[in-house]
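Q: Position chain Z against the provided structure of chain V, taking the given hints into account.
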Amino acid sequence: MITINNLCKRYDQQLALDDVSLTLSKGRILGLLGPNGAGKTTLVSILNGLTPYQSGTISIFGLNLTDNLPEIRRRSSFIPQSFAFYENLSVIENLRFFAGIQNIKDKAALNAIERAIAINRLEAMLDKRAHSLSGGQKQRLNIAIGLLNDPEIIYLDEPTAGIDPELRNSILQTIHSFKDAGKTIIYTSHYMQEIEQICDEVAIIKQGRIICHETIAKLLTKENGTSNLETIFLQLTASEDASC
Amino acid sequence: MLKQMLQKEFILVLRDKHSLAALFIMPFIFILIMSMALKDTFNSERALLTYEIIDLDKTLESKTLQDFMLTSSFLQRQDSTESETHLSITIPVGFADALLEKERQEPLLQLSAAPDVKQEMILIFRAKLTADIMRLRLMQIQEKIAPFLPDASQLNLDTFHSEKLFDIDYRGMQENEQPTSTQQSVPSWIVFGMFFVIIPMSTVFINERKQKTLMRMASMNISIPALFAGKVIPYLLINQLQVLLMIGAGIYIVPLLGGDALTPGHSLAGLALVSISLSFAAIGTSVLIATLAKTVEQATTVGGLINILFGAIGGVMVPKFYMPESMQQFANISPMSWGLEGFLDIFLRGHGVKEILPEAMALCGFGLCLLLLAATILSKRLRV
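Quick mapping for you: the protein sequence lines, in order, are chains V and Z.
Taking our numbering, the leading residue of the first sequence gets 3, the next gets one more, and so forth.
Taking our numbering, the leading residue of the second sequence gets 57, the next gets one more, and so forth.
If we strip away everything but chain V, and leave its shape as in the complex, we get:
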């Protein structure tokens, strides 16, 4: 589904991504972990065609990213960490707007909006202005917008940051339900427990390099099941040349 080979990205003299290679199969959830500034957001930006890169190749759906960006974008969705919608529009107005600008029309639009509402349990707040929603409801709207084009790949950038623990669980359940629908997900988060809970595999980025890419199950077995992901992450990111 996603194949990255020897990807390099440089900002002036600073190397943001250093020879990154990664593959992710259809229907898998990949947790992208790393300290602040490690290169997670840059990688997600590049995969969405929002940031240019200097070298390497990226193939998504078997298509080269650079040559097939519009097609790849049509089949994938980027859900930013911030509430990327209009606070002064109602929930339904926001959904209609984002469906409209993606050229999702008529019955297809109605179906897409209904599906996004149902998955994210937004029925009771359709006419509410977005600014009057709670943090958790806003995040559900944020995710609902990302589902309108029925994407095959979803990029979620810290979707539970700043959300109450109770609401966080319901959002995680929603995200986990995407896997059942056959979606492929790249998920960035600071919460190790979440990654453990919903991801199939994890990639740890440190200073622009992927120092570990493994299934959660294997990673925890390697450590004889005595450790948790947080401990492993701290060990890997603390030492100079660690890898898993």
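Derived by calculation from the structure, the hints in this document are not laboratory data.
Any given hint could turn out to be false.
Stated by the list, open to error - Under the rule of at most 20 Å between Cα atoms (straight-line distance), these lysine to aspartate or glutamate pairs were calculated in the EDC-like manner:
| hint | chain 1 | residue 1 | chain 2 | residue 2 |
| --- | --- | --- | --- | --- |
| 1 | Z | 220 | Z | 188 |
| 2 | Z | 114 | Z | 162 |
| 3 | Z | 268 | V | 160 |
| 4 | Z | 268 | V | 89 |
| 5 | V | 140 | Z | 264 |
| 6 | Z | 114 | Z | 65 |
Claimed, not checked - Here are the computed distance ranges between Cβ atoms for each label pair:
| hint | chain 1 | residue 1 | chain 2 | residue 2 | range |
| --- | --- | --- | --- | --- | --- |
| 7 | V | 209 | Z | 364 | 34 to 42 Å |
| 8 | V | 172 | Z | 436 | 50 to 58 Å |
| 9 | V | 183 | Z | 328 | 46 to 54 Å |
| 10 | Z | 282 | V | 183 | 28 to 36 Å |
| 11 | V | 246 | Z | 63 | 46 to 54 Å |
| 12 | V | 54 | Z | 289 | 56 to 64 Å |
| 13 | Z | 282 | V | 54 | 28 to 36 Å |
| 14 | Z | 85 | V | 169 | 41 to 49 Å |
| 15 | Z | 282 | V | 68 | 31 to 39 Å |
| 16 | V | 169 | Z | 66 | 52 to 60 Å |
| 17 | V | 107 | Z | 89 | 46 to 54 Å |
| 18 | Z | 76 | V | 169 | 31 to 39 Å |
This structure is a prediction, so every number in the text was calculated from the model and none was measured.
Beta carbons are placed, not taken as given, at the ideal position from N, Cα and C, and that holds for glycine.
A: Positioned in the frame of chain V, the structure of chain Z alone reads:
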């Protein structure tokens, strides 16, 4: 896609009370206030100067001079006890005898002016007084030569003074039509109000950027030209609505308050051209400021300041004809001045499309340059 962008922008503006106030209420109030405040500036029938006469001579000639002075509509005689007058004329004893004297030591009259009277007003007053004295002299000469030239006494000097020597025809205006304060203030405040699209535009645009809505839209295959079209078109329409409402206020509401009604000129195409071109310049300025500013507060403060500067320089706040020549030249750097001249060409000078083309092209060029600059900066910022 464009339909959704337009709908979204309209809903957001309609729900933003501050923007509505800046776009519609502020220019509307300015038009009412300034049309009423400047009403007398353009009224040729009103008294420009008040004066008093202290007649020490008390002769037929001194009384005749006072009668001549009363015929002027721009001078208003007042009793000195009522209030302080602009000018005071003292007719000294011996005035009548001195009228035809060749070598006089003292001037015929004594004038005293208040220090705040403008020089041009004193010049107008002197011209009127000189003409009246000449008339008195002619009457005295006529009297003196009458015994020798009987025909001269038949000449009625009064007809010289009552006859209409010329008509004033204001170029581009219909017969008997005169420039009014409304003709000046409506274009000025339309121009000023149009540039206030900065408030709704920056509020929406900066929030879109900060909340990564723009980035999300880019990831949905929305190109920067499409994004900009989604900004330019709605605000073009909002600006046209402003123009229509302000012209409507000038035509229908100002007269209800006692002001002069606006006459919107004779070229609808010219009006549309100048209005769309100016809107393009205003939107270009707003998009660039919104692109450069980091916060909404920054954009609205900087945008407001730029608007006030453009307005002050461009003749919106102080009409250009009040400015000295050098300042009038300087005013031409402001796009508000180009727009204002375009509107004045239509409203006041009766011009059409051909005459306003230079201003329209300058405004479109200005708007296009700023939009291109904003697009370049934005595309760099979106591609982190």
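Q: Report the numbers of all earlier hints that the structure fails to satisfy, in ascending order.
A: 6, 7, 8, 12, 13, 15 and 16
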